[in-house]
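K.L.:
Sequence:
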Amino acid sequence: MPTGSLTGQVALVTGAGRGIGREIAIGLAAEGMGVGLVGRTHETLTDTLKECVRHGARGVAVTADVTRPGSVREAVRVVERDLGAVDLLVNNAGQVDRAEVPLWETDVNQWWQVVEVNLRGPYNLLRCVLPGMVERGRGRVVNLNSGFALRPDGRYSAYATSKGALLRLSDNLADSLAEHHVVILDISPGAVATDMTAGMPVFRDNADWASVPRMVAVTVDVARGRLDALHGRFVHAARDDLEELLRRAEEIRAADARTLRLRAYGPDDPMG
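All residue numbers for the sequence shown refer to this note's numbering, where the first residue is -1 and numbers rise by one.
Since the hints were made in silico from the structure, they are not lab data. Even for Gly, the Cβ is constructed at its ideal location relative to N, Cα and C. Heads up, some of the hints might be wrong.
Unchecked claim - So the derived label-pair ranges between C-beta atoms look like this:
hint, residue 1, residue 2, range
1, D45, N107, 28 to 36 Å
2, V106, S3, 42 to 50 Å
3, V51, R245, 32 to 40 Å
4, R79, R52, 18 to 26 Å
5, R79, V51, 17 to 25 Å
6, R212, V132, 41 to 49 Å
Sequences are here, hints too, so could you generate the full structure?
P.N.:
Now the structure itself:
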């Protein structure tokens, strides 16, 4: 049940007009958080905003293309002007390969568009939001990632490549952000039956969809600071026992686990 535990904080959620982004925004609003809703379609953003306001939350909807730096700068400016400094950034906006084909048969423009939305989009948001977080010495970031980041899949080369790069981006940021008490996490919701995922042929016969409320609950936990000990790590919301991960957080950090790393060179390297 909502507790209002996040009253006074502000979240910025991309891709907030539908799917997981919409549900995350509503879930955060139910906890009292002000919500900046960013997406490409005004009508769907407005619908999400109405649901957030029903929970008594402050909110603002801003139409923006996350791949365009100027559009993102203006969206962040409006959110901060109307709601205040951003405490939580949720990079949720994403796209997937339109067809299950090998790379040499892909549509060149669509392949690159997937990479731009899934990688350049988060970069643009991070570039605009992190300076304020660093200056204040606090803040949290959730990058919506995927199990595709961790395994090769030639049928979805743009999606898998972009999500792997996003995980590497977070890894590169983690140490420098820790110095400023800013937390970044990559979280996979699992296969959720959104319009995007349900339309992927690989999931055509899937009968075991992940829970959207579970992803919402995990994001709320991030906003509360419960997962700060997992800073810079990959978390699978649908499969992981979060309490176990938190209990082993120090061990995970020491082993460089839950990051996109090659095996260390040395005696443990099977290649010598």
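K.L.:
If a hint holds in the structure, say so; if it does not, say that too.
P.N.:
Okay, the hints, checked on the actual structure:
no. : hint                    : in the structure
1   : D45 - N107: 28 to 36 Å  : 30 Å, holds
2   : V106 - S3: 42 to 50 Å   : 47 Å, holds
3   : V51 - R245: 32 to 40 Å  : 38 Å, holds
4   : R79 - R52: 18 to 26 Å   : 23 Å, holds
5   : R79 - V51: 17 to 25 Å   : 18 Å, holds
6   : R212 - V132: 41 to 49 Å : 31 Å, violated
Hint 6 from the earlier list is the only one contradicted by this structure; the remaining hints agree with it.
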